[in-house]
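Enquirer: Listed below are the residues making up each chain.
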Amino acid sequence: MHELSITENLLEITLRHAQVADVKKVTQLNLVMGQMASIVDDSVQFYWDIIAKGTIAQDAILKFERIPATFHCLDCDTKFTLTNQADFSCPHCQSTCVQVIGGDEFRLDSIDVE
Amino acid sequence: MTRIPIVEHIMEANTTLAMELNERLNAANVFAVNIMASPGAGKTTFIKSTISLLKDTKRIGYIDGDIATTIDSEKVAELGIPVVQINTGGGCHLDSNMISPALDKLPLNDLDLIIIENVGNLICPANFNLGTHLNILLASIPEGDDKPYKYPPMYRGVDVLVLNKIDLLPISQSCYNSLPMNFLHN
Ligand SMILES: Nc1nc2c(ncn2[C@@H]2O[C@H](COP(=O)(O)OP(=O)(O)OP(=O)(O)O)[C@@H](O)[C@H]2O)c(=O)[nH]1
Ligand SMILES: [Mg+2]
Ligand SMILES: [Zn+2]
Ligand SMILES: [Zn+2]
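One line per chain: the protein sequences are A and B, in this order.
Just so you know, we're using our numbering here: the first sequence kicks off at 1 and counts up by one.
Just so you know, we're using our numbering here: the second sequence kicks off at 1 and counts up by one.
Simulated from the structure, these hints should not be mistaken for lab results.
Values in this document were obtained by computation on a predicted structure and should not be read as measured data.
Keep in mind that a hint or two might mislead.
Pulled from the structure, derived: some chain A residues nowhere near chain B, Cβ distances all over 12 angstroms [stated by the list, open to error]: (1) Asn9; (2) Arg16; (3) Gly34; (4) Gln35; (5) Asp42; (6) Phe71; (7) Asn84; (8) Ala86; (9) Glu105; (10) Arg107; (11) Glu114.
Under the rule of at most 25 angstroms between Cα atoms (straight-line distance), these lysine-lysine pairs were calculated in the PhoX-like manner [stated by the list, open to error]: (12) A:Lys79 / B:Lys150; (13) B:Lys150 / B:Lys165; (14) B:Lys147 / A:Lys79; (15) B:Lys58 / B:Lys48; (16) A:Lys79 / A:Lys53; (17) A:Lys53 / A:Lys63.
Ranges between beta-carbon positions, derived for each pair [as the list claims (entries may be wrong)]: (18) B:Leu169 / A:Thr55: 32 to 38 angstroms; (19) B:Leu169 / A:Asp87: 33 to 39 angstroms; (20) A:Val40 / B:Lys75: 29 to 35 angstroms.
Virtual Cβ for every residue (Gly too), placed ideally from N, Cα, C.
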């Protein structure tokens, strides 16, 4: 249920940048979200439609670019992304001595404005 | 149409505040741990045992996060240490903004260790750094050995994994030899 407070952060960041650039309308938010970020995108859009009402960003589309979780094998140095969610072992040497190196980012890369 | 570049991390507000909390704890020479687990995994029981073992040599404070009630903080207060109850009123995790006023209520300069019990939840707490020195996850045997796969963000973010309720191992169907322990090292 923490998507509401996250959506509030998102609206604050969006309006702050839109104000600085002195735009009429925000049409799209370009978001990057990792597989490990624990955010439900539909739910963010749902809250957005409610809390952005009455602002210049009210009709904005939230576009999510998804980044898979990436791992690094400490035994053979291979970098890989998850193919099977219940198997974290290295596809090259089958080692389970792996480190997560990416996939928990959640950021607003840019906004499209008019 | 114009595109305005931004590149701001949505969790930035929490991360910044967590760094400030960490500085505040360091300035007071207090070590802090954030204990996370699913509901009923045994967080309060484990914390009470830990406090009983340490309280003669360390000055300990306790902060509990629960949606409602003061049940856990009352239990821990019986051990004679300062406690603060945070009721999130529906919130599924603790964030740095809640810890900050809780620290105000503790005698920071007279403490060595602060134990924070997070809201019972295997999902969100992993994404909210509280400025603590260690993130500890309690996994209890009855939960089953597939939890690292089902809740990867929680398992990957922790510094310490404690296996709890090991007395139930003889009647458990799960095989704990297969826990992907190395996955934790991060
Ligand atoms: N068998 C067994 N039961 C335990 C153990 N530790 C705790 N329990 C029991 O597990 C139940 C939940 O314990 P709590 O310590 O309240 O768990 P918690 O994680 O703090 O629960 P919440 O704060 O409600 O999320 C209680 O009935 C405890 O007595 C253990 O090592 N073995
Ligand atoms: Mg408890
Ligand atoms: Zn490998
Ligand atoms: Zn949450």
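Enquirer: Hint by hint, say whether it matches the structure.
Expert: These are the hints, each one checked on the structure:
no.: 1; hint: Asn9; in the structure: violated (5 angstroms)
no.: 2; hint: Arg16; in the structure: violated (9 angstroms)
no.: 3; hint: Gly34; in the structure: violated (9 angstroms)
no.: 4; hint: Gln35; in the structure: violated (8 angstroms)
no.: 5; hint: Asp42; in the structure: holds (16 angstroms)
no.: 6; hint: Phe71; in the structure: violated (9 angstroms)
no.: 7; hint: Asn84; in the structure: violated (9 angstroms)
no.: 8; hint: Ala86; in the structure: violated (4 angstroms)
no.: 9; hint: Glu105; in the structure: violated (7 angstroms)
no.: 10; hint: Arg107; in the structure: violated (5 angstroms)
no.: 11; hint: Glu114; in the structure: violated (6 angstroms)
no.: 12; hint: A:Lys79 / B:Lys150; in the structure: holds (22 angstroms)
no.: 13; hint: B:Lys150 / B:Lys165; in the structure: holds (20 angstroms)
no.: 14; hint: B:Lys147 / A:Lys79; in the structure: holds (24 angstroms)
no.: 15; hint: B:Lys58 / B:Lys48; in the structure: holds (14 angstroms)
no.: 16; hint: A:Lys79 / A:Lys53; in the structure: violated (43 angstroms)
no.: 17; hint: A:Lys53 / A:Lys63; in the structure: holds (18 angstroms)
no.: 18; hint: B:Leu169 / A:Thr55: 32 to 38 angstroms; in the structure: violated (55 angstroms)
no.: 19; hint: B:Leu169 / A:Asp87: 33 to 39 angstroms; in the structure: violated (24 angstroms)
no.: 20; hint: A:Val40 / B:Lys75: 29 to 35 angstroms; in the structure: holds (34 angstroms)
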